[in-house]
Amino acid sequence: DGGITQSPKYLFRKEGQNVTLSCEQNLNHDAMYWYRQDPGQGLRLIYYSQIVNDFQKGDIAEGYSVSREKKESFPLTVTSAQKNPTAFYLCASSKAAGTGELFFGEGSRLTVL
Amino acid sequence: QQQVKQSPQSLIVQKGGIPIINCAYENTAFDYFPWYQQFPGKGPALLIAIRPDVSEKKEGRFTISFNKSAKQFSLHIMDSQPGDSATYFCAALTSGTYKYIFGTGTRLKVLA
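Residue numbers (our numbering), protein chains in the order written: chain A, 1 to 113; chain B, 1 to 112.
Treat the hints with caution; some may be incorrect.
Claimed, not checked - Listed below are the simulated EDC-like cross-link pairs for lysine to aspartate or glutamate, each with C-alpha atoms no more than 16 Å apart in a straight line:
(1) A:95 x A:72
(2) B:99 x A:59
(3) B:15 x B:79
(4) B:58 x B:79
(5) B:99 x B:26
(6) B:68 x B:31
(7) B:42 x A:38
(8) B:99 x A:101
(9) A:71 x A:54
(10) B:71 x B:26
(11) A:70 x A:54
(12) B:42 x A:106
Said to hold, decoys possible - Calculated from the model, a selection of chain B residues having no Cβ within reach of chain A, i.e. all distances over 10 Å:
(13) 11
(14) 24
(15) 59
Said to hold, decoys possible - On the chain B side, residues computed to face chain A include the following (Cβ under 7 Å):
(16) 42
(17) 44
(18) 46
(19) 93
(20) 95
(21) 98
(22) 104
(23) 105
Please keep in mind that the hints were generated in silico from the structure rather than gathered at the bench. Yeah, the Cβ is synthetic: ideal placement off N, Cα and C, and Gly gets one too.
All chains, please: the whole structure from these sequences, using the hints.
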């Protein structure tokens with residue numbers, strides 16, 4: 001079945017550590033996105049990528065980094081510079097940027113201890 | 001101007017009731033308005049979407065009503081069921097751009 005796979009589902013991190021969240025899609029979609037979800041704040045865009053080897057900052061990119069070396073993969077690194085990293089992180093994809101339906105993964109919940 | 005304002009924040013209805021969730025926007029360049037359904041611990045999934053050339057769209061028990069002049073759109077759930085209990089997000093997009101603007105979500109609980 002086609003879809004988006006995020007891992008790990010739950011992650012605990014000590015302050016000062018970098019962590020990387022994995023996102024893989026087999027939908028053959030060009031565009032991929034990372035969103036952060038906090039209670040009562042909807043979904044906020046961290047980074048997006050329209051094609052391989054290209055990505056752009058979203059609204060809340062500070063303290064995060066991404067790479068897009070393969071069409072299928074768009075990992076997100078939460079760095080120690082991110083002041084408040086505890087959140088639910090969602091990866092999504094679409095056929096091309098701004099073409100309609102976003103397909104989401106099941107999310108990764110990061111907790112900083 | 002880039003915001004989508006969603007209300008109410010939470011909603012409780014009896015089984016069989018018709019919950020209505022409302023969203024309002026300012027940016028007239030938006031031309032795609034989806035609704036997403038999210039169950040706890042899961043990612044959102046597209047429920048239904050509308051473009052501004054129609055005023056209403058139905059898919060099963062779910063209906064979007066769209067008022068272009070008022071810049072508002074709403075989701076109606078007919079004959080609601082306990083399994084509809086979830087968080088619902090409206091969103092707006094300008095075709096060709098990357099930036100989906102999401103509402104803050106409505107937590108719906110349908111009582112058995």
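How the hints compare with the structure:
Taking the CA atoms of residue 95 of chain A and residue 72 of chain A, the gap is about 12 Å. The hint holds against a cut of 16 Å. Our distance criterion of 16 Å between C-alpha atoms is met by residue 99 of chain B and residue 59 of chain A, whose separation comes to about 10 Å. The hinted pair formed by residue 15 of chain B and residue 79 of chain B meets the criterion: a straight-line CA distance of about 7 Å does not exceed 16 Å. Straight-line distance between C-alpha atoms of residue 58 of chain B and residue 79 of chain B comes to about 14 Å, which keeps the hinted pair within the 16 Å bound.
With a C-alpha separation of about 15 Å, the suggested pair residue 99 of chain B and residue 26 of chain B falls inside the 16 Å cut-off, and the hint holds. Distance restraint check for residue 68 of chain B and residue 31 of chain B: the Cα-Cα separation of roughly 10 Å lies within the 16 Å cut-off, and the hinted pair is therefore satisfied. In summary, the hint linking residue 42 of chain B to residue 38 of chain A is supported, as the alpha carbons are separated by about 14 Å, within the 16 Å threshold. The hinted pair formed by residue 99 of chain B and residue 101 of chain A meets the criterion: a straight-line CA distance of about 12 Å does not exceed 16 Å.
Simply put, residue 71 of chain A and residue 54 of chain A have alpha-carbon atoms about 10 Å apart, close enough for the 16 Å limit, and the pair holds. At roughly 7 Å between alpha-carbon atoms, residue 71 of chain B and residue 26 of chain B fall within 16 Å of each other, so this suggested pair holds. A C-alpha spacing of about 11 Å is found between residue 70 of chain A and residue 54 of chain A, which places the hinted pair at or below 16 Å, so the restraint holds. Taken as a hint, the residue 42 of chain B and residue 106 of chain A pair is honoured in the structure, with Cα atoms around 5 Å apart against an allowance of 16 Å.
Listed as outside the interface, residue 11 of chain B is consistent with that label: its C-beta sits roughly 15 Å from the nearest C-beta of chain A, beyond the 10 Å cut-off. Distance to chain A confirms residue 24 of chain B as a non-interface residue, since its nearest Cβ pair spans about 14 Å, more than 10 Å. With 10 Å as the threshold on Cβ separation, the claim that residue 59 of chain B sits away from chain A holds: the shortest Cβ distance comes to roughly 13 Å. For residue 42 of chain B, the interface hint holds, the least distance from its beta-carbon to any beta-carbon of chain A being 6 Å, beneath 7 Å.
The beta carbon of residue 44 of chain B is positioned within 7 Å of a beta carbon in chain A (closest approach about 5 Å), and the interface hint is therefore held. The closest approach between the C-beta of residue 46 of chain B and any C-beta of chain A is roughly 5 Å, which is under the 7 Å cut-off, so the hint is satisfied. About 6 Å separates the beta-carbon of residue 93 of chain B from the nearest beta-carbon of chain A, less than 7 Å, and the hint is met. Residue-level restraint check for residue 95 of chain B holds (minimum Cβ-Cβ distance to chain A is 6 Å; threshold 7 Å).
Given the 7 Å rule on beta carbons, the hint for residue 98 of chain B holds: about 4 Å separates it from the nearest Cβ of chain A. A hinted interface residue such as residue 104 of chain B counts as satisfied when its beta carbon comes closer than 7 Å to some beta carbon of chain A; here the least separation is about 4 Å, so the hint holds. About 6 Å separates the beta-carbon of residue 105 of chain B from the nearest beta-carbon of chain A, less than 7 Å, and the hint is met.
Consistency note: the structure conflicts with none of the earlier hints.
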